[in-house]
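Colleague: As given, the protein sequences belong to chains G and H, one line each in that order. Take this note's numbering: the final residue in the first sequence is number 326, and no numbers are missing along the way. Take this note's numbering: the final residue in the second sequence is number 1317, and no numbers are missing along the way.
No wet-lab data here; the hints were simulated from the structure. We put the beta carbon where it would ideally sit given N, CA and C, even for glycine. Any given hint could be a false lead.
Partial list, computed: chain G residues near chain H (C-beta under 10 Å) [claimed, not checked]:
id, residue
1, Phe33
2, Gly37
3, Asp92
4, Thr248
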Amino acid sequence: MTLQGMKIDLKAVGPLAALIVLMVLGTAINDAFLSFGNLTNILTRSAFIGIIAVGATFVISSGGIDLSVGSMAAFIAGAMIIVMNLLLGVTDQLLVIVVCGVAFGAVLGLVAGWLNGILITRGGIEAFIVTLGTMGVYRSLVTYLADGGTLSLNFDVRSVYRPVYYDNLLGLPYPVLILALTAIVGYVVLNNTAYGRHVQSVGASEDVARYSAINTDRVKVIAFMIQGVCVALATIVYVPRLGSASSTTGLLWELEAIAAVIIGGTLLKGGYGRIGGTIAGALILTLIGNILNLTDAISNYLNGAVQGVIIIAAVLLQRGMGRQQG
Amino acid sequence: MRLWNGTLAGVVALGMASVATASLAQDVKIGVSIPAATHGWAGGLNWHAAEAKRRLEAQHENLEIVIAASGSAVEQANALEDLVSVQQIDALVILPFESDPLTDPVKQVKAAGVFITVVDRGLSETGIENIYVAGDNPGFGRSAGDYMVEKLGGEGKVVALRGIPTVIDDQRMNGFTAAIDGSGLELLGAEQANWNRDKAFEVMQDFLTRFQDIDAVWAADDDMALGALEAIRQANRQGEMFLVGGGGMKQIVKGVADGDETIPVTVLYPPAMIATAMDLTVARFFSNGPVEGTFNLSSPLITKENAEAFYFEDSPY
């Protein structure tokens, strides 16, 4: 028991170690890296992928995968903007409009997640295929809604909504605060509730879970609904940033979210999830981009290669540290 | 019957290629092949193509225009095959995704006796197209660079936000660097922001972290200019620098017309060029004036004085 406890603790050090290595590298490259402004930029920027990745940790631990999150975020953003612009004709209470828009986004995320879950469990189709399908559907829908261009939030509404991204509580930007709260709630649900244990047992072996009288379908649908709500939450924070949505919104977010989850130590084949690692993973991904922007040493054309190498190295580090202890 | 008609029109079109007389009685079918609306500029392109189709079909009773939008160079090559074999087009208007991979497919369309109009990017081989409506990508960068040199009086520090790594992006960047070379302007850094507003926001944040003094920002697309502007506002450094965009997005053009200090000008690279090409191609069949040849569209600056002419209220871009 103690041995296993030790092993898990050291495994958790993996992503953290990668994070520290990157921080040292960043500091060496540019003095401005450790400035308060840059650090809050990194944290705030990680919020979108981080929040989505908390949901993805549930889906992946349950043995599923969700490829639709990036498109879903774009679609929810577009729908929220349209609804808020429409409401402007109904009421002039800007705050009411923003609250309605946010509530609409949350409901949309919940429904979209439920739809993915139902198609997978009732339809008996692999999660990969269902979410590949919905990924295309949502991406096309936002392009259609925007007429191929960009949907922009009315300027007055946006000025009321803007602080959600740009303001802070005691120096901590709201997006970071929301990310932290999401992570804490996610951690408690995954590790300290019956549902969290069920998610991991379904991911480890669906048959065994079913024989243990767990309603596996229900567990899976709820995991996708959690993912949907997380996507909605990320979108609610995203919309006030630029006040717009287009067909390029949230492009490849699904891959970044999955990468964050795996870098963090969650098993891609399911059965074991780790929220803390996921957050470290999201930070690592943002850090790579930030560091590459702070230096001219590496050709722009090689940015993708550097990202790929660091992602693989981070996972190697994490797995290697786990194995040494085993 | 439909098939037979199309063939006949094709044969007649071939026979008349050198004469170009007015008002053919036969039906004319024109295929328009363009990239799908995957980013703002391409969205404007699709919108202007649809607008031109509506207008031209209303003007000419026996004209039919088919628009095919494709997501990649490979898809576009497939679309060309369909336009020839299924739609039996008499003329093709194409904005190629990329020059090299589409040169051969267009050549094959030409071999089927179709009149060819190429827009924006040229093909890799000369002599295939009958009409070439050329966009000026090096000029796109040069106009922005020239303006900065003049406005800053030949002294200052600038950063550049580039697009998706492609030939077009390279041509624009080279045009820009050529314009500021030797002028005394220093290019502090240039990063790819993929013609994307979100990416531009992040890249600009990092430029602001990295450099304490920036006098001007070149965003090689108006979408990116808007993202960068938001980052500058967040850092509260609006007063220190100005931005030059590109493309002619309506929000930016409106700002320029209203005398915006932060984005005083943008460079025109109009998605409406597809309409120019469609007009010329239609004129080939319905006008007595000759149209074959190369048309060079320039990339002029949009300034407060001329902005009104480039503003399209309903366009998505």
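Colleague: Restraint: Thr248/G near chain H, CB-CB cut 10 Å. Satisfied or not?
Modeller: 5 Å, holds
Colleague: Using the nearest Cβ pair, does Asp92/G come within less than 10 Å of chain H?
Modeller: Result: violated, 23 Å to nearest chain H Cβ.
Colleague: Hint check: is the beta carbon of Phe33/G less than 10 Å from a beta carbon of chain H?
Modeller: 8 Å, holds
Colleague: Hint check: is the beta carbon of Gly37/G less than 10 Å from a beta carbon of chain H?
Modeller: Result: holds, 6 Å to nearest chain H Cβ.
Consistency with the previously given hints fails for number 3 only.
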